[in-house]
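Student: Chain residues, written in single-letter form:
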Amino acid sequence: MSIDIDMAEIAQLFIEESEEGLATMESGLLELTMGAADPETINTIFRAAHSIKGGGATFGFTEVSEFAHHVETLLDEMRQGQRQVTQAGVDLLLQSVDCIRDMIASLAEGDIDVTRAKELQVDLETMLANPAEPAATDNADPSTSNAPNAEPGATIGWSIHFKPHAEMLRSGSDPLRLFRELEELGPLDVVVKGVDELDFATLDPQVCTLAWAISLHEPAPREQIEEIFVWVVDECDLLVDPILAPSTPMATPTKPKKASSNGPDSGSIRVNIDKIDALINLVGELVITQSMLSRFNGDFDFTQLPKLRDGLSQLHRNSRDLQESVMAVRMLPISVAFSRFPRLVRDTSNALGKQVELQLTGENTELDKTVLEKIGDPLVHLVRNSLDHGLEIPEIRLAAGKPEVGIIALNAYHEGGNIVIEVVDDGAGINGEKVLAKAREKGLVASDEQLSEDQINNLVFMAGFSTADKVSDLSGRGVGMDVVRRNIADLGGHVSVRSQPGIGSTFTIRLPLTMAILDGQLVRVGKESYIISLVSIAETIQSSADKINQVAGQAELFQLRDVYLPILRLHELFGIEADSTNIDDGLLVVVEANGQRVGIFVDDLQEQQQVVIKSLEANYRQTQGISGATILGDGKVALILDVPGLIQLFYNQNAAGQNPTPAVAGF
Amino acid sequence: MTATPQSEIALALDASDSGGQYLTFMIAGEEYGVEILRVQEIKGWETATPIPNTPEHVLGVLNLRGAIVPIIDLRKRFNLESVAYGPTSVVVVVRVSNDDQERTVGLLVDGVADVYRLETADIQPAPDLGGTINTEFVHGLATVDNKMVILLELDQLLDLSSVPDATPDASAPDEAETD
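Sequence lines, in order, name chains A and B.
Under numbering that gives the first Met the number 0, the first residue of the first sequence is numbered 0, with each subsequent residue one higher.
Under numbering that gives the first Met the number 0, the first residue of the second sequence is numbered 0, with each subsequent residue one higher.
In short, the hints are calculated from the structure, not lab data.
For every residue, glycine included, the Cβ atom is placed at its ideal position computed from N, Cα and C.
Please note: incorrect hints may appear among the correct ones.
Computed footprint of chain A on chain B, listed as stretches where at least three residues anywhere in the stretch have a Cβ under 8 Å from a Cβ of chain A [claimed, not checked]:
no.	region
1	24-36
2	44-54
3	57-71
Work the whole structure out from these sequences, hints included.
Tutor: Right, dumping it as structure tokens:
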């Protein structure tokens, strides 16, 4: 039983590592330049494919390892310079990467669909069977090097040069075992080198100074040989050369290289050791503070009061630091979300016949893992949208006097307590007239309503809206942008767009750094306390009746410097008792959301504090104007105001022209 | 006490075929019962934090060891007259599931009465009381010591998703103007 569990854990490890390997392959494939590929890049791709194959075989996922074997064979030919790196080849390999990814993803369910793998396998075999044109630098005899490696043709054996690194023995790898395995393939000649230099007086039995030259007199497939060395390949210099009639030695140095550590979403996260160390230090400090405070537990007299105060303030500092560090553990760089875009942009622009350059900046900006996982899909949608609707085809770009190659930029940076992600394109921009006409046609905007340019641009986020002339595979169905906006709103952020016709569009996403903790301002209305997120508060002012104007006897506007702010009376909106309804007695908290500003009328400001956000939905349900709840120091529950939702509620009620009367449930 | 696992609830439901234990409580002189395995805990009444624009019977939310739990006033839920909350007023915290979501909900009742073991045969189906009274949240009736006990169908009674929005005009169609 326990063995099974262990295997499941190891298999999970394999799945996670494979995902990393696939990401490495993918990014490597995208880096390849046609015709003149960098050998090191091909090697990296090859190694990743090889590990997946080896791992797959080890854990009994034969479907994966078999398929990966074909991929590896193709890569091997490219690596050896026997095959040109062609667009067709890279495309096929990219498809294969997707296929392996699907297979590994379905491993979790234990049900592998091999139909796609079979199809691709046929494609791979076809490509392998076609005589490949060798790479330009190839000086080998074409008749031998054209032959696919899986069938070595004129190869009569292998010459293997194996030089372990000094520390290889320490990792428990035994050269003898490797040779025995090799021997199973065919007769061996093994010559050891470096024995003469051994000095028994200074010999360290754990350090390997020897090297071996091995001749295998059997035309076994190269993969079989490499598979034997797969566990030590990072710890030795290994050369495997075919022994041919006209010998063509091909050096295949295999240097150890770390795979990229940016895996896709998974249940576990990798944390920088520095963060863990910082955490341990903080816990140490906390323990010291605790022991210092526990001294007061026995006999306490008032002379010790200053010391107690010191201790408490130290505890306060410790817990705040600790909290920050723990949150930092969950923070991951946004490059995890960005990494999928080079591939996406390449594939999509090819499909659309557009030339696009993708620029990524601020990839190291960190944000919470949960936010990161959920921002991926909206980002993909925005980028696809820019590719499809934004950027023009090369001819039109040239005609408009723009460079042929369009630019899509993804920028991430911190601003205040938020992370800002921008999707910028230098395409045609949003056609305001078309958008407005469409909105009127769909009845989303009244025909006599006048909208500002920004308002028109932001119409694209409304449900059922699309201006694409034709429905494409990518976009144009009119679902999407509203989903993007909703997804981002669910994360507590918001998205807006700025656009200039002919120059381009910029979509800006603002997200809170974390969804678990919020810097809040407590406000009091009557007996109730509410929390307003500090980032949405612009300022707080003392209101006075002489600055209030009544519009049509209903809506109140407050003159703040040279702008007029609508006043949102929280007690009216929530139907609760306030200390006073006189505008002179309370305070106005000026909040801003989605570019709108209102003044929230409250009785009093209380303290500012960090609050832990608790879901209302878990046991109740979503309530408009409330984003969650928290527990205050005295154990009481306080509701957290959702400023955008609150403003919406306020406008809707104003539009209805009446105060809400809570409906009695209908059951 | 941790959350009752789903399987345990399922067990309780299975067990109800051959009867089971019921916790009963009083509301306006009548005795109501709920399956005891649905009950997570019983706690004294303390003032809840009201949630704006909710139906009157949702008193608000309480902090139950870190979880935010809504409190339902069963008197108001049954459209009975309210009474001042007294020292015997208690909150019965129960677990309900609707729409594949498990929720923890507190029921404010006049007082806890007793725990009975009832066989399936003891439980009569709810009689049809005519259109004026909704009986879908009554699981059945039982007689204990010549008293009637009304067994509640909690999932029906506390289906919060069907609670109508208190501000029906606050929904999407007006979005155009504010965007």
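Student: Go check the region 24-36 of chain B versus chain A for me, would you? Three or more residues, Cβ under 8 Å, otherwise it fails.
Tutor: That given contact is violated, which follows from only 0 residues of the region 24-36 of chain B lying within Cβ reach (below 8 Å) of chain A.
Student: State whether the coverage of the region 44-54 of chain B by chain A holds or is violated, taking the criterion as 3 or more residues with Cβ-Cβ distances under 8 Å.
Tutor: Answer holds; 8 residues pass the 8 Å Cβ test.
Student: Do three or more residues from the region 57-71 of chain B put their C-beta atoms closer than 8 Å to C-beta atoms of chain A?
Tutor: holds (count 10)
In summary, the one numbered hint that this structure violates is 1.
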